[in-house]
Amino acid sequence: MKRLTLIFLTALAAFASEVHAEDAAPRFVAVDVVLISDAPVAAWQFEFGGSSDAVRIVGVEQGESKAFGDAPYYDREAIRLGTADRIVVADYSTADSSYLPRGAVRIATLHLMITGHSNEAIDITLVTAVDADGERIEASISATPQTGSES
Amino acid sequence: MTKRLTIFASIIALTMAGCAADMAADPSTGGAGSQSAEPQLPESVSLPPPPPAQSSTSEYGGFADIGGDGDGEIIVTGARIGDDNNEHPNDRHANRRQDYHDREKLAEEEEARRAAISAELDGRETERQRRRSEILGLDTQQRLLSENLYRDSLAKNMASGSIGHSLPALASDEELWIISQPADASADLRDAAGPGTGSLIVETPSRDRNRPPEIVPLPLKHTAVNATIDGYISSVDVRQQFHNPFDTKIEAKYLFPLPEKSAISGFTMIIGDRKIRGILREKEEAEAIYDAARAQGYRASLLVQHRPNIFEQKVANIEPGKQIDVEIRYFHTLKYEDGWYSFVFPTVVGPRYNPPGHADPIVPAAQGRSAASSAATTVEYLRPGQRSGHDISIAVDIEAGVSIEEIEATHPIETVSVTQSGAVVMLADEDVIPNQDFVLRFQVAGEQMKSNLLTYVDPETEQGYFTMMLHPPAGTVDLERQPMEMVFVIDASGSMRGTPLDQAKDAIRAALDQLQPYDTFQIIRFSDNASQFGNAPVPASPANIALAKQYLQGVNSSGGTRMVEGVAAALQFPHDPARLRFVSFMTDGYIGNEFEILGAISQHIGDSRIFSFGIGSSTNRFLLERMAVAGRGAAAFLGPMDSGYDLMSAFFNRISHPALRDVAVDWGSMAVSDVYPSNLPDVFVGRPVIVTGKFLGPAGNVTIKGRSGTQVATIEIEPAADERARPMLAKIWARQRIADLVDLRAMGGYTNDPYFEVMIRTTALTHQLVSDYTSFVAVDASEQTAGTYGVTVPQAVPVPAGVRYDTTVPE
Numbered sequence: 395m396k397r398l399t400l401i402f403l404t405a406l407a408a409f410a411s412e413v414h415a416e417d418a419a420p421r422f423v424a425v426d427v428v429l430i431s432d433a434p435v436a437a438w439q440f441e442f443g444g445s446s447d448a449v450r451i452v453g454v455e456q457g458e459s460k461a462f463g464d465a466p467y468y469d470r471e472a473i474r475l476g477t478a479d480r481i482v483v484a485d486y487s488t489a490d491s492s493y494l495p496r497g498a499v500r501i502a503t504l505h506l507m508i509t510g511h512s513n514e515a516i517d518i519t520l521v522t523a524v525d526a527d528g529e530r531i532e533a534s535i536s537a538t539p540q541t542g543s544e545s
Numbered sequence: 039m040t041k042r043l044t045i046f047a048s049i050i051a052l053t054m055a056g057c058a059a060d061m062a063a064d065p066s067t068g069g070a071g072s073q074s075a076e077p078q079l080p081e082s083v084s085l086p087p088p089p090p091a092q093s094s095t096s097e098y099g100g101f102a103d104i105g106g107d108g109d110g111e112i113i114v115t116g117a118r119i120g121d122d123n124n125e126h127p128n129d130r131h132a133n134r135r136q137d138y139h140d141r142e143k144l145a146e147e148e149e150a151r152r153a154a155i156s157a158e159l160d161g162r163e164t165e166r167q168r169r170r171s172e173i174l175g176l177d178t179q180q181r182l183l184s185e186n187l188y189r190d191s192l193a194k195n196m197a198s199g200s201i202g203h204s205l206p207a208l209a210s211d212e213e214l215w216i217i218s219q220p221a222d223a224s225a226d227l228r229d230a231a232g233p234g235t236g237s238l239i240v241e242t243p244s245r246d247r248n249r250p251p252e253i254v255p256l257p258l259k260h261t262a263v264n265a266t267i268d269g270y271i272s273s274v275d276v277r278q279q280f281h282n283p284f285d286t287k288i289e290a291k292y293l294f295p296l297p298e299k300s301a302i303s304g305f306t307m308i309i310g311d312r313k314i315r316g317i318l319r320e321k322e323e324a325e326a327i328y329d330a331a332r333a334q335g336y337r338a339s340l341l342v343q344h345r346p347n348i349f350e351q352k353v354a355n356i357e358p359g360k361q362i363d364v365e366i367r368y369f370h371t372l373k374y375e376d377g378w379y380s381f382v383f384p385t386v387v388g389p390r391y392n393p394p395g396h397a398d399p400i401v402p403a404a405q406g407r408s409a410a411s412s413a414a415t416t417v418e419y420l421r422p423g424q425r426s427g428h429d430i431s432i433a434v435d436i437e438a439g440v441s442i443e444e445i446e447a448t449h450p451i452e453t454v455s456v457t458q459s460g461a462v463v464m465l466a467d468e469d470v471i472p473n474q475d476f477v478l479r480f481q482v483a484g485e486q487m488k489s490n491l492l493t494y495v496d497p498e499t500e501q502g503y504f505t506m507m508l509h510p511p512a513g514t515v516d517l518e519r520q521p522m523e524m525v526f527v528i529d530a531s532g533s534m535r536g537t538p539l540d541q542a543k544d545a546i547r548a549a550l551d552q553l554q555p556y557d558t559f560q561i562i563r564f565s566d567n568a569s570q571f572g573n574a575p576v577p578a579s580p581a582n583i584a585l586a587k588q589y590l591q592g593v594n595s596s597g598g599t600r601m602v603e604g605v606a607a608a609l610q611f612p613h614d615p616a617r618l619r620f621v622s623f624m625t626d627g628y629i630g631n632e633f634e635i636l637g638a639i640s641q642h643i644g645d646s647r648i649f650s651f652g653i654g655s656s657t658n659r660f661l662l663e664r665m666a667v668a669g670r671g672a673a674a675f676l677g678p679m680d681s682g683y684d685l686m687s688a689f690f691n692r693i694s695h696p697a698l699r700d701v702a703v704d705w706g707s708m709a710v711s712d713v714y715p716s717n718l719p720d721v722f723v724g725r726p727v728i729v730t731g732k733f734l735g736p737a738g739n740v741t742i743k744g745r746s747g748t749q750v751a752t753i754e755i756e757p758a759a760d761e762r763a764r765p766m767l768a769k770i771w772a773r774q775r776i777a778d779l780v781d782l783r784a785m786g787g788y789t790n791d792p793y794f795e796v797m798i799r800t801t802a803l804t805h806q807l808v809s810d811y812t813s814f815v816a817v818d819a820s821e822q823t824a825g826t827y828g829v830t831v832p833q834a835v836p837v838p839a840g841v842r843y844d845t846t847v848p849e
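In the order they appear, the protein sequences are chains A and B. Residues 395 to 545 in this note's numbering are what the first sequence lists, from first letter to last. Residues 39 to 849 in this note's numbering are what the second sequence lists, from first letter to last.
Careful, some of the hints might be misleading.
Pairwise CB distance ranges (calculated) [claimed, not checked]: (1) B:G738 with A:N513: 48 to 58 angstroms; (2) B:Q641 with A:T477: 38 to 48 angstroms; (3) A:T488 with B:T457: 17 to 27 angstroms; (4) A:T541 with B:Q458: 54 to 64 angstroms.
These are calculated hints, taken from the structure and not from any lab test. Using N, Cα and C, we set each Cβ at its ideal position, and we do this for glycine too.
Work out the full structure, taking the sequences as your base and the hints as a guide.
Written as structure tokens, this is what we have:
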């Protein structure tokens, strides 16, 4: 189990001393989640968590592989007003191995809304990845905010 | 392949039980589940080191602004998935159903609970206000700016004559039955969302019937419905395609109906090839997120419930010429009557009558004339001679589990394929105007359907859920009929004019013809007020029946739908204990104060049974069904082409011979809780009752006992033999629980009791369902569209087939 922590530095940091928190419009940012594996990936699962309730997940988009055609599914660990979001995102494919993605592949894009001025972090933890036979495979995960998506 | 599916399903289902139904995964198959319940990777597996910050191995660039110490730190941690410490309030209240009905006995506990809830609500409200003020901060300025721009634009356009004159005053037609008018009909800004350019304004249509229909440019282009039926459980995907036919950016807004038992659990926004799954959140937060995204130019969508069968879809920032689709998934149970299953897909919200002072009206308005009041939910209707480009396609894949003998529908259908127990049918191309309910019925084999019990156990929580279809035992058809006190309540409001009123009269005539001299009857008509045939129920003598038919002849339709008056008149007179009192309501149900009606029924029901007849092409099925539940009776529906006389004849025969009364259940080895409906109704031949609940322990035989005439009848029900997993049973149970809580709150007068809100909210969040307090929101944060969010365009819809526009929609 490995956890990746990503911190969003607020674009308004330079003005923080001059701007009251209640004046800040929420920011939206899309984060690409990339799975890196030498073996073809048939199913995967990661956990997403925000550092505080200032980070809200507002959408989960499918990745780039056509073997995973639909938006991934999620199960709420916690999505409740006043608590930090924490969800499990997962997907699987029944496609033949030859159609399954390998290498570095974007498996999902998380759409987030961030409020306030403070730097906010998200954790993304790879829970598991398996191959077409259902065997666990070596894999790692990374996350990258899309350039220019943050307002 | 089988092995792979099994492993995948186990891996995903164990941590994703909440959405297992959506994934079509089968969590019960295979024993591999226990392996993946533990999220820790095996020690023998070592993960490669993470790519360093700013040097990702992926093609998506490096890590940006990586955390605290800036080095993209990866930490090996213990897992928290599967952690069961977060005990849900739902479980704490699992066995409180009985409490609803005996609140006095629980006064002490109630007081403590209320204090806790109050504290929780106070804290959450404070938090909510803080968050809303944050989220809406700059948005407000932008909105005001847009409003000013819009007002300027409107003034210029009006000065140039491009959009006509001031909005018309409301008609003073005396037959107009909508009396809850907008506070200021001349203001049509709709949250800075009125038409902003001439291209969005539709000129007054031609009323010339010889001219082809005028096509009104509107955002909703197509609705595609794909349903799968497994026995009596249906899974339905509804894809709404919104496009922008205008030359400016728009927000589309669409009020639409779904079956009242729909458990909506899936929501995806689709932009081209991209699919963004929406997130279920508490309603206020979902709305705030949507508003913020809309204000900043992000594409977003929001699904909000206004009634258990009426929903509103909003889609923001649709650019000119572009399209955004929204796909909704829901589950529901089919109705079974006399050997026929019915799949219903409603297509249009009928115009509602709102009594004066009603707090949450659904207001009808002519196309382009939405009410100004932000508190009102408005349905815009196309005028006669107008059409939108919106059409609908429906495909239903049936697997009945038993042989299908016949299929019929309210619309022309094409049968694509047929097997012994299955079929795929589609709505024929030539009939795609969504102005009446689509009802598909299929008859299954067997003279006597057997009761059955479907179960599902969540592999993660070991919580069981069941759905039971309870048929009366064989041999109860010829029961001796007991004396009846029959009360007919006929809706004579303006919306019933024409065919619906004629059908209602025919239905009453049919029942009158079947009454016996030892029965008594009464007829009550209501619109703005109520009047009745006799001062008290009269004997069903030939002379009285003849007089009653004359009375019916003189009943005309006009005015509003003050159904509360009808309910009071029907239930508030002394009951003859020697007779079974049956109250039969005949109405289209086009009212906005449904819960007030249900509350009145609950208050006055006593020993009466209510049988509701929905009449019309797009009946308010929610109201009719819930009236029947509240009255421990049954509901039936008459389409525009149905014979009221024939339907009532068959129905009357059923209701006058209840096969099983005072029903009680012995659950055997199952530790059952939270059973809905909480008050089991009488069971009639050919009209089974669907019961749903939770259980712990092994699924086993269930014994039903009830009075059948003077005898005690017993039914043994075994769990279904097949081992198919049915995770949707949990959602169906949750939906019924919410419906029961809503009913109870309305019927018990607990409107302001926070207990119900907390319970409904918690149930909906736990089971990922849309409710009064939970909504789906999806935002595409990857790209901002240019400019402000444009104007809001409500999707105008046709009035339901058979409903007169001029008597129901204010101009």
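To see whether the hints hold, each was checked on the structure:
no.: 1; hint: B:G738 with A:N513: 48 to 58 angstroms; in the structure: holds (56 angstroms)
no.: 2; hint: B:Q641 with A:T477: 38 to 48 angstroms; in the structure: holds (40 angstroms)
no.: 3; hint: A:T488 with B:T457: 17 to 27 angstroms; in the structure: holds (24 angstroms)
no.: 4; hint: A:T541 with B:Q458: 54 to 64 angstroms; in the structure: holds (57 angstroms)
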